[in-house]
Amino acid sequence: ELSRNCLGQLSRAELLPLAEANFRAIRFDRLKREDLASALGSEGGGGLAARTQPCSLGACDAFLSHSWHDPEAPKWAALCSWARRFEAEEGRPPTLWLDRACIDQSRIADSLPCLPVFVAGCKTLLVLAGPTYASRLWCVMELFTFMAMSADSHRICVVPLAAGESEGARREARQQLLASFDRFDAAHARCFLPQDRAALLSVIESTLQLDEFNRWVRSVFRERSRRTSGASANRFAVPFEPSEEPSQLLEPSELEPAGEPPGSGSDEVV
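Using the numbering used here, you'd call the opening residue of the sequence shown number 11 and step up by one each time.
What the hints contain is simulated information worked out from the structure, not anything from laboratory work. Check each hint, because a few of them may be wrong.
Stated by the list, open to error - Simulated restraints on C-beta separations:
| no. | residue 1 | residue 2 | range |
| --- | --- | --- | --- |
| 1 | A47 | D114 | 12 to 22 Å |
| 2 | K42 | A98 | 33 to 43 Å |
| 3 | D162 | S66 | 12 to 22 Å |
| 4 | Q185 | P27 | 40 to 50 Å |
| 5 | R228 | E182 | 29 to 39 Å |
| 6 | A47 | D195 | 49 to 59 Å |
| 7 | G174 | R22 | 44 to 54 Å |
| 8 | A23 | I118 | 33 to 43 Å |
| 9 | L67 | I118 | 17 to 27 Å |
| 10 | E215 | R102 | 10 to 20 Å |
| 11 | S21 | S212 | 17 to 27 Å |
| 12 | L67 | A47 | 25 to 35 Å |
Since we're looking at a predicted model, the values are computed, not measured. Every residue, glycine too, gets a C-beta built ideally from N, C-alpha and C.
Produce the entire structure from the sequences given, and follow the hints as far as they go.
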């Protein structure tokens with residue numbers, strides 16, 4: 011099992027009840043831009059956790075995968091755009107799994123074995139892929155775990171975060187970002203803790219050859235990326251507060267066609 015190989019030695023019979031008891035989600039309208047910043051806001055982790063709610067496995071709308079090393083402004087704007095599209099279609103704000111909010115920050119190690127179940131318990135993997143995303147092995151592991159648990163790449167949405175002051179600058183930034191995805195190599199991806207990096211690479215190599223894994227990640231980045239529509243959606247500077255009406259959010263974007271992974275059989279701050 012992925013959980014046993016990667017993050018612990020719990021049996022399936024032990025893991026599922028633990029994951030069910032600890033699975034939580036946060037509604038989008040309870041999030042703030044500062045919640046995506048690398049440093050905790052004035053509330054601290056406890057204040058963010060207090061805004062979450064218990065959630066049934068399979069009922070959370072999206073697992074939010076991003077790098078805490080990327081700036082919060084473009085991540086927040088992209089999330090607002092995605093949330094507006096969701097609310098327009100579903101008539102309600104989406105529920106999200108965000109590591110800092112949904113994992114007890116005082117007992118992180120106890121929750122990590124549940125991560126594959128938490129990932130599988132979400133309907134969509136929403137990847138906010140900024141400049142450092144592909145260089146963080148925990149981030150890519152979330153992508154890999156979702157695919158291993160669901161085997162459905164159509165449920166993955168990759169949003170490249172390319173900011174700039176002009177349309178030309180944004181276009182160039184996006185091309186550079188996509189080029190960095192095409193150069194992805196797990197051997198060069200980093201973790202805050204060296205032991206985490208060794209453990210994650212070991213799990214990957216127990217399932218796929220590293221070269222095959224690299225090719226799969228590159229294809230997911232390329233084929234599941236989506237273009238943001240309109241200049242304002244790319245500026246990542248549109249002011250927004252969760253209390254505002256949906257009409258004040260960014261314009262939605264369209265998904266590009268999907269591809270399938272080979273073989274079918276978060277970053278460090280969690």
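Going through the hints against the structure:
Roughly 20 Å separates the CB atoms of A47 and D114, a value that falls within the hinted 12 to 22 Å. At about 22 Å, the beta-carbon gap between K42 and A98 misses the expected band of 33 to 43 Å. Our hint of 12 to 22 Å for D162 and S66 holds, since their Cβ atoms are close to 20 Å apart. The hinted range of 40 to 50 Å is satisfied by Q185 and P27, whose Cβ atoms lie roughly 47 Å apart.
Separation of R228 from E182 is about 20 Å and departs from the stated range, judged on CB atoms against 29 to 39 Å. Between A47 and D195 the C-beta distance comes to about 28 Å, which lies outside the given range of 49 to 59 Å. A hinted range of 44 to 54 Å holds for the C-beta pair G174 and R22, which are about 47 Å apart. The given range of 33 to 43 Å is broken by A23 and I118, whose C-beta atoms sit roughly 23 Å from each other.
The given range of 17 to 27 Å is respected by L67 and I118, whose C-beta atoms sit roughly 20 Å from each other. Separated by about 41 Å at the C-beta atoms, E215 and R102 break the suggested range of 10 to 20 Å. For the pair S21 and S212, the beta carbons lie near 20 Å from each other, so the given range of 17 to 27 Å is met. For L67 and A47, the Cβ-Cβ distance of about 29 Å falls inside the hinted range of 25 to 35 Å, so the restraint holds.
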